[in-house]
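Asker: The listed protein sequences correspond, in order, to chains S and R. Each residue of the first sequence is one higher than the one before, counting from 1 in the numbering used here. Each residue of the second sequence is one higher than the one before, counting from 1 in the numbering used here.
Keep in mind that the hints were calculated from the coordinates and are not lab data. Note that CB positions come from ideal geometry on N, CA and C, so glycine has one too. Wrong hints could be hidden among the right ones.
Reference excerpt, derived from the structure (chain S facing chain R, CB under 10 Å, subset only) [as the list claims (entries may be wrong)]:
| # | residue |
| --- | --- |
| 1 | Leu-65 |
| 2 | Met-87 |
| 3 | Leu-88 |
| 4 | Ala-90 |
| 5 | Ala-97 |
| 6 | Ser-101 |
| 7 | Gln-107 |
| 8 | Ala-133 |
| 9 | Glu-136 |
| 10 | Leu-165 |
| 11 | Pro-210 |
Taking CB as the label site, the calculated pair distances span [claimed, not checked]:
| # | chain 1 | residue 1 | chain 2 | residue 2 | range |
| --- | --- | --- | --- | --- | --- |
| 12 | S | Phe-303 | R | Glu-79 | 54 to 62 Å |
| 13 | R | Ser-160 | S | Glu-413 | 54 to 62 Å |
| 14 | S | Ala-307 | R | Ala-39 | 34 to 42 Å |
| 15 | S | Asn-312 | R | Ala-78 | 47 to 55 Å |
This is what each chain is made of:
Protein chains: 2
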Amino acid sequence: MPAAEHDPHGADQRRPPLAVLKFGGSSVANAERIRAAAARIARERRAGAELVVVVSAMGDTTDELLALADALTGEAGAEPDPRELDMLLATGEHQSATLVSMALHAQGVRAISLTGAQAGITTDGRYGKARIANIEPRRVRTELDHGNVVIVAGFQGQSSAAADLAETTTLGRGGSDTTAVALAAALRADQCRIFTDVRGIFTADPRLEPEARQLIVIGYEEMLELAHQGAGVMQTRAVELAWVNDVEIEVLSSFEDAPGTRITEDPLVEQRNKVRGIAHDRNVAKVTLVAVPDRPGVARSVFQPLAEAAINVDMIVQNVGHGGTTDMSFTVPRVELARAKKVLAAVSEELGAQELTSDDSVAKVSIVGAGLHNAPGYAARMFGTLADAGVNIEMISTSEVRITCMIAEAELETAVRALHAAFELARPDPVDAAVVR
Amino acid sequence: MPAAEHDPHGADQRRPPLAVLKFGGSSVANAERIRAAAARIARERRAGAELVVVVSAMGDTTDELLALADALTGEAGAEPDPRELDMLLATGEHQSATLVSMALHAQGVRAISLTGAQAGITTDGRYGKARIANIEPRRVRTELDHGNVVIVAGFQGQSSAAADLAETTTLGRGGSDTTAVALAAALRADQCRIFTDVRGIFTADPRLEPEARQLIVIGYEEMLELAHQGAGVMQTRAVELAWVNDVEIEVLSSFEDAPGTRITEDPLVEQRNKVRGIAHDRNVAKVTLVAVPDRPGVARSVFQPLAEAAINVDMIVQNVGHGGTTDMSFTVPRVELARAKKVLAAVSEELGAQELTSDDSVAKVSIVGAGLHNAPGYAARMFGTLADAGVNIEMISTSEVRITCMIAEAELETAVRALHAAFELARPDPVDAAVVR
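This is chain S alone, in the form it adopts within the complex (with noise of 0.2 Å):
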């Protein structure tokens, strides 16, 4: 065909980037906030860029619908049935997609919402925590195509493509972190942009520490301890996601026009500064089994039932026994503690152990960063800002990225500021002005 020889764009017919953007639920609680992001989408779209757009419900929409089940479930200790909830709750996020798309086409641009079943999310269909199975994206690209921008509605998906058969499973909070890093990774997305309510990953929380610093980078790993260990911005599935699947994210502020922070493989992280940020948790209660029996099993008999229970322990701390009994403490999450005292109290009565105490007035601090494992002065230099600034040290744990320590909820805030100046974690990092995007 001589004509296209002529085309001197013949070479560049490639196809345009590929975005995936995500919208907390904060970004689209009321009409004004869906018109601002409906118009930042416009912007990226006039850009030129193909956009998948992921929304979370609408602001409390969520608590909300949680509120009239719970009325109506009624009587003390029953819950509302998980596939009934999971049906009422995907209906937050229904609502919001239809209308971003709305608002997208009273700017002008073409946009269609697509359920979690019309966008081919399947997955293993546990109600209330389901994990993504399968993405099959056909119409999500067939809409691209015709040149609209695609808005998925977040946080679930069908256990089935059978449309009688099929379940609505929720993917649980956060969940649609998870459902936009999910379809960065099926479509080989350019970009994954996460838009929320804070400008970016910081040193530590702003409104504990003013000198707080966002982060113009964060390795995946780092990432996932922050999350872990508090940090509320990211779901932690979602950065295992990107992680396993190299999705880097950005995350930013829907409400400014700023750059907001980058999640990714780090490739400087040999250069920099070992400690990345200071994270904390007031989520947390410890409970302690004093005078048990010091023999084989008993870990397994009180931690079974908490597992059962779908209580997570975080940190475990067993003293060295003397005479015959040991006392043994564990973390739970402050929200599930009264759950566990009940599951414990029969354990416990079982064990013949002494007492069961507890305490929902600590707090958790963790200081993160890659290579911490191999740099024992970081541990020293914890414990010491900590012990110099009178703060008490009541458990510790570590990974290969994180050193956290449990101490009294009143001291926090003292322990998270001079943590971050210990680490100078004020000062802006050297190595970041080598990072090229």
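Mind docking chain R on chain S? Use the hints.
Answerer: Frame of chain S, contents of chain R only:
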């Protein structure tokens, strides 16, 4: 199997009766009413029936979602995309279905909610006014066999059976009635009961005529005319569907425990007082094209554009022409008057009409009863009664079972009460004593 021979219940092992119940929006408007509806359902279930329950969206949910959509669509004149709007509105019924199911669980009744898609309802795919194309209630039957009360989200169906290509379509206002009747037909249910905020069908609107009496039974055709002429209790399509499929409907109150009105093929129609009820409708406006040319094709020039704009024209009167021109009057729904005038302004100019006038202070009043057409005395009595009451008749139209007069809206109450008295509708129908269910 000798054992079976000795089973005294062997001969009676029939399937229990199957009833389809429908609860409208006001019957599930809040947690308290949902609990009350669930209590009613639980009672019927404990009496032994298998139950399929169709629900509308809670109270004002649909209106609130419409308001949000309008706020986002913004610009005057622009309307929300019909596809997105259907996805949005269908969430209202998803929510109420799951909540009714949860409320039943709390009362110890096994129940499961299904979306229109899960209930196997497919439509012709027309957004906002879809018609049910097919019902394949495989899943409904399975859940009934498992001992569940099956709660079905009303008002909706999917355009296809493939999860990722299917689109959610709604059946139009009042569409949940249609869902209930269609399910009753597909499942060959023994009963179809429509729970609403009135006790049944009355001889006139009790707000206008305190003497109005509840009917025990009414024929499909009469009900259809009553519904068409403004009695808002049932969607006309649902009545048509019931008639075609020979489904008997009972309309009754969800707030009191009293018998309602049965809509059925009325075998006693020949023995009745022929006028069964007075209907009225305020949602009407009169439009007149003054002095249009009196030549073939004019009517098409007027009504074709209105039909294309989906504006329903009802009564039409064309005066005898004189001097080569004629006046043409007809009624449109009052809520469509502004749109109709826009369409007709162009038509009027094109035809060279002298003037386009309209009047939105009119109303329609009708007498309805099987066989009216063959009993000319009724028309004369209607016109005479209105004349005696000082009510001027502006237009007249008739059908097999109805005579309708257009009058001034200010005289509507006078007209309804005069007709109710003239046709002795307050007096119990002696034939009803013979009605056996």
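Asker: Going by Cβ atoms only, is Ser-101/S closer than 10 Å to chain R?
Answerer: Holds, because the Cβ-Cβ distance from Ser-101/S to chain R comes to roughly 5 Å (cut-off 10 Å).
Asker: Would you say the C-beta atoms of Ser-160/R and Glu-413/S sit inside 54 to 62 Å of each other?
Answerer: holds, 57 Å
Asker: 47 to 55 Å was suggested as the range; check whether the CB atoms of Asn-312/S and Ala-78/R agree with it.
Answerer: At roughly 49 Å between Cβ atoms, Ala-78/R and Asn-312/S fall inside 47 to 55 Å, so the hint holds.
Asker: Minimum Cβ distance from Ala-97/S to chain R below 10 Å?
Answerer: holds, 8 Å
Asker: Taking the least C-beta to C-beta distance, is Leu-65/S closer than 10 Å to chain R?
Answerer: With a closest approach of 7 Å, the Leu-65/S hint holds.
Asker: Taking the least C-beta to C-beta distance, is Glu-136/S closer than 10 Å to chain R?
Answerer: holds, 7 Å
Asker: Checking hints one by one. Is Pro-210/S an interface residue toward chain R, by the C-beta closer than 10 Å rule?
Answerer: violated, 38 Å
Asker: Lying within 54 to 62 Å: is that true of the beta-carbon distance Phe-303/S to Glu-79/R?
Answerer: Distance hint for Phe-303/S, Glu-79/R holds at roughly 59 Å.
Asker: Met-87/S was flagged as interface toward chain R. Is the shortest Cβ-Cβ separation under 10 Å?
Answerer: holds, 5 Å
Asker: Minimum Cβ distance from Ala-90/S to chain R below 10 Å?
Answerer: It holds, given that the least Cβ distance between Ala-90/S and chain R is near 8 Å, below 10 Å.
Asker: Given Leu-165/S as an interface hint, is its Cβ closer than 10 Å to any Cβ of chain R?
Answerer: holds, 7 Å
Asker: Interface hint check: Gln-107/S, Cβ to nearest Cβ on chain R, cutoff 10 Å. Holds or violated?
Answerer: It holds, given that the least Cβ distance between Gln-107/S and chain R is near 9 Å, below 10 Å.
When held up to the earlier numbered hints, the structure conflicts with 8, 11 and fits the remainder.
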